[in-house]
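Go ahead and model the full structure; you've got the sequences and the hints to work with.
Chains A and B are the protein sequences, given in the same order. Residues in the first sequence are numbered consecutively from 1, following our numbering. Residues in the second sequence are numbered consecutively from 330, following our numbering.
One or more of the hints may lead you astray.
[Stated by the list, open to error] Residues of chain A clear of chain B, computed beta-carbon distances all greater than 12 Å: (1) Asn24; (2) Arg70; (3) Val137; (4) Ile181; (5) Leu187; (6) Ser192; (7) Arg198; (8) Pro215; (9) Glu222; (10) Met256; (11) Val276; (12) Ile282; (13) Gly290; (14) Val300; (15) Gly312; (16) Arg316.
[Stated by the list, open to error] Below, in silico cross-link-like pairs of lysine-lysine (DSBU-like), each with a Cα-Cα straight-line distance of 30 Å or less: (17) B:Lys580 - B:Lys612; (18) B:Lys736 - A:Lys212; (19) A:Lys299 - B:Lys736.
No wet-lab data here; the hints were simulated from the structure. In this text, all values refer to a predicted model and were calculated from it rather than measured experimentally. For each residue, glycine too, the CB sits at the ideal point set by N, CA and C.
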Amino acid sequence: MSSKPKLSVYWASSCGGCEIALVNLHENFLRLAEHFELVFCPCLMDTKIAEVEAMPDGSITLTLFNGAIRTEENDEMARLLRRKSKLLVAYGACSYQGGIPALSNFSSREEHLRTIYGENASLDNLAKLSPQHQTEVSEGTLELPAFYEYVKTLAQCVKVDYFMPGCPPEPHQIWHVIEAIISGQPLPPPGSVIGAGRSSVCDECARERAIKVLPRFYRTFEVAPNPDKCLLEQGIVCMGIATRDGCGAPCPTANMPCTGCYGPPEGVRDQGAKIVSALGSILDLGEYKGMTPEDLNQKVEELLNSIPDPAGTYYRYGAAGSILGGRAQ
Amino acid sequence: MKRVTINPITRLEGHGKIDIFLDEEGNVANTYFQVPELRGFEQFCVGRPAEDMPVITSRICGVCPEAHHMASSKALDRLFGVEPTAAAKKIRELFYMAFFVTDHTTHFYALGGPDFIVGPDAAPGERNLLGVVKKAGLDVGKQVIACRARNHHVIEILGGRGIHPVAGVPGGWSRHVSAAERAEIETIATQNVEFALFTLKLFDQIVLSNPAYLDLIMSDVYHHQTYSMGTVDEQNRLNFYDGKIRIVDPKGREFVKYETADYAQHIAERVEPWTYLKFPYLKKIGWKGFVDGVESGVYTATPLSRLNAADRLATPLAQEHFERFYQTLGAKTVEGRHEPVHYRLATHWARLIELLYAAERMQELARDPEITSPDIRQIPQNIAGEGVGSVEAPRGTLIHHYVSDEKAVLTKVNLVVGTTNNHAAISMSIRKAAEKFIRGFEVVEEGFLNRVEMAFRLYDPCLSCATHTLPGEMPLIVNIRNHQGESLQSLRRDR
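So, in structure tokens, the structure goes:
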């Protein structure tokens, strides 16, 4: 047995992008392997769950847990790894706030099954079959696990020590966290967000801001934005102002808006509330001077209503963790 | 009836599960390949703004987000009724070739290739990338890491992010390519061509020069005569980014060639109550069950099927290897084109020929003067309300189909992904391997596991894409049960 600190990396309901981000440490991935003994990582190695179960409680130094909690088994693995780990990190947007899979919380289980097995363009399903928990075939019974009603975050299932945002976390930030742990420097207070900044993406964005007011919003397909000026001030709903920094603002750099994958900045409880107030304050209401407060409110509402799918836009990665996630359930 | 269950040890994530039923004599009566998970993108994308789909659907799979991003961007071109500029199409394809190089490299060295390079009977702990490095040398490992790193760098430059890109928009691409970036990408493409040639040479030395491996490739266990699907250009040459979808029959005759938008006339998807994953088949032939041959609607969409469906490859070095491939595997010429190869393990070789094609094509595009044009997008002038887009994903033809309201908010979404195309074929390969290796209640050896795994690993199955579970390799557990369901023997391995 090695005396190195033990590391585990686990995926629940996720796409695998968080593992690829880890592998994209490239040569630093080898340095990671020098400092840690990787004891469990189904993506990269052969350890079995039974072996994890046999490990003493608290014997894994660090677990990076990615993916949302969609099934009872995801939940069981979260509890097992919590018990075995000194530090449990919600690694990536799905584990932190539900991520893209949590958009599913806006529809019911029945709606999912009806759409996927009942109404698709290329479907051949006259018998109206849909997957069942148990199916009798001539040779015996076949079983499938149930498709759950809601997606949860890791912290809604077990106690989480730290949160590492991003869809996926950017490799340079992953390396910062690993380096900090390797160096033995004091860790931040439990419950902190790590591997990210404390401010907003705007702090890392090179675009010029001019405190301009807007007459209307544009959708990304409607305009080719000026590459040097603030996207929000050009009427594009850029989530940067309501999103934690640390990523280096790659999306605005590619002339596309931030979609909010790093979650809310430090001190902001709700990413959606933050963007709505930012959008409200940037609208040009000048020509409505002298309006009654009611008329003014109505005008603001009209402009905000021109944004389709506000919930799915403001909570693109946070539907399970947000206050809205609670309401959707 | 006795029953063998092959289930991922990490069943928790629900990668895939195989049930094998044995008859009274202990021979295989039937097998079921089950996919026990679902995330539901086709439902939860409804109500979202159409233009957000390239960013949302890339999250179907973190291993091949570029494929979903691209199919989605192409579906949006149609949904908004806008033709991308010439430069935008080239930038998209350049980006896509860098992705193909890194993805095929990963599969060969880390996922599928170890079965050959290290050997199908090597200890399980050796059949991985580290085992490859041990056998082929440390320099190979370094080259693989360097190849992944430089191509992810290109993906990041062009797509905006290393994983989950953002640059695809209806009518084009959000950022142009600077002269300095172009020069850097050209250098990388040239390194990729060298790397692909090196990899083919390695395959030659280790696999093709070994008669035992050639026998394995050409054995009946891994042989299925099905229809082959692939995307071709107007000269019937393979194309990953764009073209028509062509299907050839098991004898190599063109069965149909159609525009992507017409896919639902040609492909139907069968639902079975015992798996979350659907079974696509050729509609005009019909579903005849899990059987081979010209009368069965089962088809494949893999590197092998793409070579089978194409008349030739569009780049010179890849074309040389293409010809050698068909000569070596004994395919005759029919109606002026090669007969298909049906040895499924040859898919690994086909994948490397595709790697070389992607590298050469990347080099051509990087040298195209138009690639640095600032004319990168066409702003849509209307909303057509429906769009189908497809690309060749590394694992097969990928189709995104969207319907929207007059405000371009989605009302219907249908996705037919690479691995799903091959669902029936994978099931058949598993059954055949199981029939071969399970006989009359003999104790099942560990080697059996790998032989069955090899039957589906050659498809590079990505169940993350197919059902939104997890990508990569499939951990296995085999439980052998008697007819009352009592476990008689248990073998497990996860890799």
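Structure-based check of each hint:
1. Against the 12 Å criterion, asparagine 24 of chain A falls within the reach of chain B, whose nearest CB is about 6 Å from its own CB.
2. With a least beta-carbon separation of about 7 Å from chain B, arginine 70 of chain A fails to lie farther than 12 Å from that chain, contradicting its non-interface assignment.
3. Distance check on valine 137 of chain A: its Cβ comes as close as 7 Å (rounded) to a Cβ of chain B, failing to clear the 12 Å threshold; non-interface status is violated.
4. Distance to chain B confirms isoleucine 181 of chain A as a non-interface residue, since its nearest Cβ pair spans about 23 Å, more than 12 Å.
5. Listed as outside the interface, leucine 187 of chain A is consistent with that label: its C-beta sits roughly 27 Å from the nearest C-beta of chain B, beyond the 12 Å cut-off.
6. Annotated as non-interface, serine 192 of chain A keeps its C-beta farther than 12 Å from every C-beta of chain B; the closest such distance is 24 Å.
7. Every CB of chain B lies more than 12 Å from the CB of arginine 198 of chain A, the least distance being 22 Å, so the non-interface label holds.
8. Listed as a non-interface residue, proline 215 of chain A keeps its Cβ farther than 12 Å from every Cβ of chain B; the least gap is roughly 19 Å.
9. Consistency note on glutamate 222 of chain A: stated as away from chain B, yet its beta-carbon is not over 12 Å from all of that chain's, at 7 Å minimum.
10. The non-interface label for methionine 256 of chain A is inconsistent with chain B: the shortest C-beta to C-beta separation is roughly 4 Å, within 12 Å.
11. The beta carbon of valine 276 of chain A sits about 17 Å from the closest Cβ of chain B, which is more than 12 Å, so the claim that it is off the interface holds.
12. Every Cβ of chain B is farther than 12 Å from the Cβ of isoleucine 282 of chain A; the closest lies at roughly 20 Å, confirming the non-interface assignment.
13. The claim that glycine 290 of chain A is not at the interface with chain B holds, since no C-beta of that chain comes within 12 Å of its own (minimum 32 Å).
14. Every CB of chain B lies more than 12 Å from the CB of valine 300 of chain A, the least distance being 20 Å, so the non-interface label holds.
15. For glycine 312 of chain A, the shortest C-beta to C-beta distance to chain B comes to about 5 Å, within the 12 Å cut-off, and the non-interface label is violated.
16. For arginine 316 of chain A, the requirement that its beta carbon stay farther than 12 Å from each beta carbon of chain B is not met, with the minimum near 8 Å.
17. A C-alpha spacing of about 19 Å is found between lysine 580 of chain B and lysine 612 of chain B, which places the hinted pair at or below 30 Å, so the restraint holds.
18. Pair hint lysine 736 of chain B plus lysine 212 of chain A holds up; C-alpha atoms about 27 Å apart against a cutoff of 30 Å.
19. Of the pairs offered as hints, the one joining lysine 299 of chain A and lysine 736 of chain B holds, with about 20 Å between alpha carbons and a cut-off of 30 Å not exceeded.
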